[in-house]
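*Asks:* Those sequence lines, one after another, are chains A and B.
Residue numbering for the first sequence follows the numbering used here, starting at 1 and increasing by one per position.
Residue numbering for the second sequence follows the numbering used here, starting at 378 and increasing by one per position.
Certain hints may be false.
Incomplete in silico selection of chain A near chain B, CB under 10 Å [what the hints assert, rightly or not]:
#1 54
#2 106
#3 292
Simulated from the structure, these hints should not be mistaken for lab results.
Nothing here was measured: the structure is a model prediction, and the numbers come from that model.
Here a beta-carbon is modelled for each residue, glycine too, at the ideal position from N, C-alpha and C.
Protein chains: 2
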Amino acid sequence: MTDIAPFHVMALLARAKELEAAGRSIIHMEIGEPDFPTAEPIVAAGQRALAAGHTRYTAAAGLPELRQTISDHYRERYGIEIPAQRILITPGASGALQLATAALINPGDRVLLADPGYPCNRHFVRLVEGRATGVPVGPETGYQLTAELVERHWDEQTTAVLLASPANPTGTAIAPEALAAIVATIEARGGRLIMDEIYHGLIYGAPVQTALAYSDQVLVVNSFSKYYGMTGWRLGWLVAPEDLVGTVEKLAQNLFLAASTPAQHAALAAFTPAAAAIFEARRREFLARRDFLLPALRELGFRIPVTPDGAFYLYADCGRFTDDSHGFALRLLEETGVAITPGIDFGGHLPHRHVRFAYTNAIPQLAEGVERLRRAL
Amino acid sequence: MTDIAPFHVMALLARAKELEAAGRSIIHMEIGEPDFPTAEPIVAAGQRALAAGHTRYTAAAGLPELRQTISDHYRERYGIEIPAQRILITPGASGALQLATAALINPGDRVLLADPGYPCNRHFVRLVEGRATGVPVGPETGYQLTAELVERHWDEQTTAVLLASPANPTGTAIAPEALAAIVATIEARGGRLIMDEIYHGLIYGAPVQTALAYSDQVLVVNSFSKYYGMTGWRLGWLVAPEDLVGTVEKLAQNLFLAASTPAQHAALAAFTPAAAAIFEARRREFLARRDFLLPALRELGFRIPVTPDGAFYLYADCGRFTDDSHGFALRLLEETGVAITPGIDFGGHLPHRHVRFAYTNAIPQLAEGVERLRRAL
Ligand SMILES: Cc1ncc(COP(=O)(O)O)c(C=O)c1O
Ligand SMILES: Cc1ncc(COP(=O)(O)O)c(C=O)c1O
């Protein structure tokens, strides 16, 4: 338990709420979830599911219709065939990450991760007595691992690599060819790739490709939380290789029993044209926010050397202002009411020189935040 | 992964559904969840929460109002004070069991469980490299551990005991004095008790007491699934000792992020008088079913030596008919359309001579099931 870190931003968030309760105006740029509520067609489907009495357990792997709908989605969006039977519905990407790591990792196994990266990943590995090795990444590789980095850090004990594209906290994606090379490198060594594609829909430049296009041996994690705007419903999915389906299914039975039934029924509406139109409008809004906030922060003196491809984060080098990003974030909160996340939540590689801005707030608020930062800095 | 067992009843359930799809009439007595849908006041509260846009993440520990409401519930129902801050909202009792086991158990630690018992428990222990030791229990001790059994099986490596009262698959409860003695025995050895009280509301005889009444060091698991009829919503809670609150909270942040938001809002309505009246009516209905099914099965020749105190299960010795309860259950399904759960799902102590009947079906169906069994046996 001593190896498991709490989210440091939570203390900051608590302080932000305290200040708000005391009447201070706070600009939230620390929160990693869309500010939009769940789209109306999904909410309506959830309400109908409740009215229809869909309140009992589903099978551990999820509603057959939803698994089939996601299978169809892979065909339509990526042009690939993933049988529904390989798709397991989970309690969020969180549940999928737990199934994938628990199924693959034995005590002592090493798992390579990008540092900075999503903080929970190393803890999923630690939970089952694996050893997460953060590989320092920077702007040179778009804050992502490369085939070359995987090769360099691989050793006898390494059995898996866990990546996200686009990633949290950097928003950067792995280009299709680079991803293909990573998959090939891992599989040549007999290892497995766990690929977190939770931010796949939220992409602003060149299209991303799913890792499933390059191998049927990867484990792909996804979620209804971010692009589909369903964070609080706790729903995601895992695509497992054929030979692991039985394994992850028995694990899901024992750890979760099943994912939320009303959420699963609601999620069926996420693949309708009405919902798609809302998601697309929201994606464009996030893009507009990125295109506002990125140059504004650069102008203030934050270094953001790589333009993020997706998600809703900017990972900024604040070395011009501080070498203590945690104290810096706390001070900014107290002095300006602007809440951001210190780098320490994302790993051990230069955390003290980085902060994360989330553009999960409308442009007028972001503009006010920038103005306050300008005055303070 | 080879140590993790799937639920064997799932194969049987799949076969039952196949038979049903082919037009056969199936009497379901294998299913461990109430046949009632979620009570109307809770459904309505869930729909209102969705309409109000309560669809984003809550704090990892849950909605403050819900934690406070549960704290009030401990005062009103048991007469004890549990500060809301010690109550964490989880994705089902499943989530609470995972937090409790992961927080307490180090690799190699031994955890004592009752055998037969809830099948997932040994897997939660196994997941974090602990060693679950099933202690064989029979009718002599009401299928429960006693202080004496804990003492006898405790060794240097033992650090915790995980019990349920009333239990699955036996429905038997631990009497207050016996529970107090168990707690004292464990704590005298420096160990911890994890107590699963998921079936606490569903009790038909003498009142049960929460383990929290005897110590503030126990970890109590509970859920909205069974008594509150919210299985598919995936909501439960953990009461943690003061000194473990920070630990389980950071674990919850990393593993789950949070429990379902609509479910948490809906669950607030579970503590209203309108909902309580529905739960009480359902409890009486379960009691009537037990009082119908128990003598009927005994008359058929099943040995059920201990009258269960709660839950909705009868754990029956079928030794008069077979020494292969799994084959017996499959044959009964094929020949009579009656679905029951073989003992093998609940542990290694005489599983081949036991089956579990769940009375999660109305009395006319139960009567039809008994009739079919009578003809077949
Ligand atoms: C990269 C990444 N993966 C997984 C998750 C977990 O999301 P959820 O469990 O809500 O699907 C998050 C949430 O912030 C994330 O940023
Ligand atoms: C004894 C016991 N504990 C825990 C659970 C898990 O229930 P849930 O996760 O739905 O709260 C069950 C479900 O059958 C059970 O019987």
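*Asks:* Check the structure against each numbered hint from earlier and tell me which ones fail, lowest number first.
*Replies:* 3
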